[in-house]
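Q: Going down the list, the protein sequences come from chains A and B. Heads up: the first sequence at position 39 corresponds to 54 in my numbering, and the numbers run straight through without jumps. Heads up: the second sequence at position 75 corresponds to 446 in my numbering, and the numbers run straight through without jumps.
Calculated directly from the structure, the hints in this document are not laboratory data. In this text, a Cβ means the ideal position worked out from N, Cα and C, and glycines have one as well. Treat the hints loosely; a few may be bogus.
[To be verified] Computed cross-link-like contacts, SDA-like style, restricted to lysine to any residue with a CA-CA straight-line distance of at most 25 Å:
hint : chain 1 : residue 1 : chain 2 : residue 2
1    : A       : K49       : A       : K25
2    : A       : K46       : A       : K25
3    : B       : K397      : A       : L77
4    : B       : K465      : A       : S105
5    : A       : K25       : B       : S442
[Said to hold, decoys possible] Sample of chain B residues with no beta-carbon within 12 Å of chain A, all distances over it, derived:
hint : residue
6    : K397
7    : S436
8    : S442
9    : A458
10   : L478
11   : G479
For reference, the chains in residue letters:
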Amino acid sequence: MKDSPGLHFKTYLLLLLMVLFAPLGNVLLSKGMKGIGSAKNWAAADLLHILLKILTSGYIWLGIACLLAFFVAYMLVLTWADYSYVQPASAFSYAVVAVLGYFLLEEVVPPLRWAGIAVICVGVFVVGRTPPRTTEKA
Amino acid sequence: MREFFFLFLVIVAGTGGELCVTRAMKVIGEVHDFRPAALARFVFRAMRVGWMWIGIGMMTLAFFSLLAMLSIENVSLVVPVTALSYAAGTTGAKLFLHERVSPQRWLGVLIVCVGVTLVWLSRR
């Protein structure tokens, strides 16, 4: 199967969007939900109050928009690239989560996690050296 | 016993769902037009493919199984074990989607599995 430079470029571009939007969406949802807090009791009025807060939270809507963008990028890249290529490559989002947590939320990232992230990057690099598409075009 | 059942569902339904979504995308074929209107048409076309709905259903089942699993076992055990889904996904891609998985790609997938396990073992 011939791989053009254009195929590699658009595959890398969409994988980049995936590994940026998924962690960003999760971080925004987490920030939104922490601002809202949890239900004190499980009465209907309390749950309705929380639901209203969720629906009026900018962080939640931004998070949902990021996750939708992730899913569209995921669907698009799978129209031409192998699943066995996209799935391990998207594990790079673990590294993005750690970097976002370290720089934006000032979280402590333990050495074992950095080691795991380094191993994931090596794995993604090894998968990235294989052709993105091994099946015939639809 | 029930933790094995839920773990089985997390890995099989989760990976199976993603494989079905991939099959739906192969039915649609390679996208060349990335303008917003074309992307909207692409999403509507995807929603009319049966494999897409089977995939979404299986991924939903996997999500609730993960929640059930987390209510039984510690997250530090659950998530490293779910790294098996990378190996299951590659096997499924070979058998279900007929992708040609080279030894180099297998090696990369196994390295990713080890890395994901280390990341989740670092959780306190």
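Q: None of the hints should be skipped; say for each whether it holds.
A: Each hint, compared with the structure:
1. K49/A to K25/A: violated, 36 Å
2. K46/A to K25/A: Roughly 31 Å between the alpha carbons, so the hint for K46/A and K25/A is violated.
3. K397/B to L77/A: Since the Cα atoms of K397/B and L77/A sit roughly 30 Å apart, the hinted pair is violated (cutoff 25 Å).
4. K465/B to S105/A: holds, 18 Å
5. K25/A to S442/B: violated, 40 Å
6. K397: Nearest chain A Cβ is 5 Å from K397/B, so the label is violated.
7. S436: holds, 19 Å
8. S442: The assertion about S442/B holds, with a minimum of 16 Å to chain A.
9. A458: violated, 10 Å
10. L478: violated, 6 Å
11. G479: violated, 3 Å
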